[in-house]
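J.: Residue numbers (this note's numbering), protein chains in the order written: chain X, 47 to 386; chain C, 47 to 386.
Some clues are possibly wrong.
Copies of the same chain look alike in the list, so a pair counts if it works inside one copy or between any two.
[Stated by the list, open to error] Here are the simulated lysine to aspartate or glutamate pairs, DMTMM-like style, with alpha carbons at most 20 angstroms apart: (1) K330 - D320; (2) K118 - E168; (3) K311 - E111; (4) K191 - E366; (5) K76 - E304; (6) K76 - D132; (7) K330 - D265; (8) K195 - E114; (9) K118 - E144; (10) K164 - E144.
Think of the hints as simulated: they come from the structure by calculation, not from any bench.
2 protein chains.
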Amino acid sequence: MTAKKANQMEPLKAPYHLFLGCGDSELAIKTSRGIAQWNPDVCLGEIAGGNSRLSLGLPKMSIKEASENGAKTFVLGLANAGGYVDPEWVPYIIEAIECGMEIASGLHRRLDEIPEIKSAAEKHGAALHDIRHGYTDLKTGKGHKRTGKRILAVGTDCSVGKMYTTLAITNEMEARNFNVDFRATGQTGVMIAGSGICIDAVVADFISGGIEELAPDNDADHWDVIEGQGSLFNPAFAGVSLGLLHGSQPDIIIMCVEAGRDHIKDLPHIPAPDLKDCIDLNLKCANLTNPDVKLGGISLNCRNLSAEEGEIERKQLAAEFNVPCFDPMITGVASFVNIL
Amino acid sequence: MTAKKANQMEPLKAPYHLFLGCGDSELAIKTSRGIAQWNPDVCLGEIAGGNSRLSLGLPKMSIKEASENGAKTFVLGLANAGGYVDPEWVPYIIEAIECGMEIASGLHRRLDEIPEIKSAAEKHGAALHDIRHGYTDLKTGKGHKRTGKRILAVGTDCSVGKMYTTLAITNEMEARNFNVDFRATGQTGVMIAGSGICIDAVVADFISGGIEELAPDNDADHWDVIEGQGSLFNPAFAGVSLGLLHGSQPDIIIMCVEAGRDHIKDLPHIPAPDLKDCIDLNLKCANLTNPDVKLGGISLNCRNLSAEEGEIERKQLAAEFNVPCFDPMITGVASFVNIL
Chain X
47 MTAKKANQME PLKAPYHLFL GCGDSELAIK TSRGIAQWNP DVCLGEIAGG NSRLSLGLPK
107 MSIKEASENG AKTFVLGLAN AGGYVDPEWV PYIIEAIECG MEIASGLHRR LDEIPEIKSA
167 AEKHGAALHD IRHGYTDLKT GKGHKRTGKR ILAVGTDCSV GKMYTTLAIT NEMEARNFNV
227 DFRATGQTGV MIAGSGICID AVVADFISGG IEELAPDNDA DHWDVIEGQG SLFNPAFAGV
287 SLGLLHGSQP DIIIMCVEAG RDHIKDLPHI PAPDLKDCID LNLKCANLTN PDVKLGGISL
347 NCRNLSAEEG EIERKQLAAE FNVPCFDPMI TGVASFVNIL
Chain C
47 MTAKKANQME PLKAPYHLFL GCGDSELAIK TSRGIAQWNP DVCLGEIAGG NSRLSLGLPK
107 MSIKEASENG AKTFVLGLAN AGGYVDPEWV PYIIEAIECG MEIASGLHRR LDEIPEIKSA
167 AEKHGAALHD IRHGYTDLKT GKGHKRTGKR ILAVGTDCSV GKMYTTLAIT NEMEARNFNV
227 DFRATGQTGV MIAGSGICID AVVADFISGG IEELAPDNDA DHWDVIEGQG SLFNPAFAGV
287 SLGLLHGSQP DIIIMCVEAG RDHIKDLPHI PAPDLKDCID LNLKCANLTN PDVKLGGISL
347 NCRNLSAEEG EIERKQLAAE FNVPCFDPMI TGVASFVNIL
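Required output: the full structure, derived from the provided sequences and hints.
T.: In structure tokens:
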């Protein structure tokens with residue numbers, strides 16, 4: 047994975063020491079798990095605080111040990127309700143600063159809202175990377191045709207596998223020596239890649255403009271593989287999805303869908319969209335900034351299906367839409383990359 | 047016009063003293079002009095600074111005179127490239143604070159970034175209303191069906207007359223004793239109504255959630271008339287438009303279009319959409335949160351047409367789409383309100 051600088055964000059410095067917080071919720075460390083799974087090369091070690099027994103299977107190290115072994119960034123790949131810096135975490139963050147590390151956080155609230163963190167960072171000259179903040183110099187979208195090629199993951203909903211799909215495609219393309227970059231648009235993706243834009247955290251006026259900056263003009267044979275967000279059919283986040291679609295001006299969209307999901311995540315009163323309807327609306331809207339856009343594949347998340355059911359459903363969808371249908375975690379994505 | 051409190055924003059206190067800046071650009075005072083035109087009752091007077099000869103035809107008053115005559119809010123209904131507080135304006139703002147007024151600004155940059163303004167406001171206890179900021183406690187959209195009825199202006203582009211259309215409809219409905227509120231979503235609308243949400247200034251995650259809060263559950267016979275923004279066919283701002291459409295869950299959309307516009311504003315490489323295509327896509331997307339949505343009318347901005355051409359085109363569109371077609375500035379909006 048090539049971590050290139052995008053926009054206002056300074057690239058995160060590797061290697062990382064991953065902080066797993068002080069609780070016991072596996073869900074709360076989803077971001078850390080994504081980093082360990084998709085970019086193990088940047089993960090030096092892990093530390094859980096308090097009485098937490100959480101682990102990602104990385105080498106367990108104290109903050110001092112990690113620092114002595116070269117850790118450059120203490121990563122808070124954590125979530126909690128409210129997205130604030132838990133007071134229990136503060137001593138760990140300050141110790142990391144005192145050991146010379148930078149801090150990266152995907153929380154909604156800024157690290158420097160905590161006076162002790164702010165003053166420690168100032169004293170030691172440590173950078174605080176709040177990856178959901180700081181996108182203050184973006185421009186509005188222009189919709190000019192850019193050079194290079196772009197693939198965007200779209201979806202029927204949130205949390206159907208858009209990040210996994212684009213990471214797997216990027217890895218497969220890199221293995222085949224394509225000229226390719228993963229472009230991260232969410233906090234986990236940004237921490238995995240070390241750069242990007244949390245597009246749901248920018249001011250609404252700048253959604254498409256932010257993506258235009260994230261995936262700029264490039265070599266004619268270069269591919270941006272752009273992480274998708276949300277869905278045109280998710281009433282909470284569709285605005286983000288549409289701006290992302292327009293800003294990406296994709297040549298190819300990959301439709302991501304989870305088998306068996308019957309309603310929009312957390313909104314049981316909103317049924318999941320019909321797949322053809324969802325593909326058609328995405329192509330219709332994408333057409334505004336790239337009239338040559340095509341559906342390139344369907345990424346079917348089969349975690350709710352048996353192996354046999356998954357195989358049958360993938361075959362059916364591939365035949366119905368006349369594109370490769372794959373599950374990045376089961377089949378890999380070679381069938382899609384073959385068509386490029 | 048009833049100015050009701052919506053969300054985090056404290057309603058602006060009337061009457062206003064309108065500050066026209068120190069330049070000579072009529073375009074720069076578009077917001078002030080909108081306030082003077084649509085809510086003259088709240089406009090006590092105007093003042094232009096430096097050598098500016100700009101006027102809205104309101105009584106010209108010094109800041110001291112305005113204050114003695116009861117002005118409560120000094121309004122910067124101004125725009126400049128960059129959206130910053132021009133140093134030439136600062137003495138006027140400070141004098142207004144010293145005379146006991148509150149300050150309202152629609153600029154991108156915050157008033158309290160200027161240390162003299164910040165300290166004067168603190169000293170005199172004056173509220174600084176940065177209407178493009180402060181929407182920090184919004185929630186994500188839920189898409190639950192809300193009680194009451196909603197009308198939303200949508201458009202083929204920006205600056206085609208969505209605000210004028212919704213203000214004219216609100217006034218006509220008030221004159222006929224409907225139970226109605228105008229819901230402002232842009233800076234001029236917010237200053238006219240005294241409350242609202244600048245929806246293009248919220249964090250992208252909260253577009254639809256912000257509108258759900260702006261137009262909440264209401265009496266069964268109550269109408270929200272919601273100001274629209276942008277267009278699903280404007281590649282800069284379509285994300286805002288889609289979130290606004292989902293969050294509004296309109297029962298009725300009014301399609302606003304400017305006769306003779308052949309491309310998207312400021313983007314000559316993006317052609318204006320076909321009107322039927324634009325109506326269809328808006329209805330298709332609005333369907334997600336209100337399956338009963340209908341096109342209620344077409345607001346045709348005829349400023350580029352002769353009186354005769356306008357009349358012909360309005361008749362043609364009314365016949366083609368089987369809804370009233372009007373120009374709020376020429377025909378009024380009675381033909382639409384008649385169908386409610």
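J.: Could you check the structure against the hints above and give me the numbers of any it violates, in ascending order?
T.: 3, 4, 7 and 8
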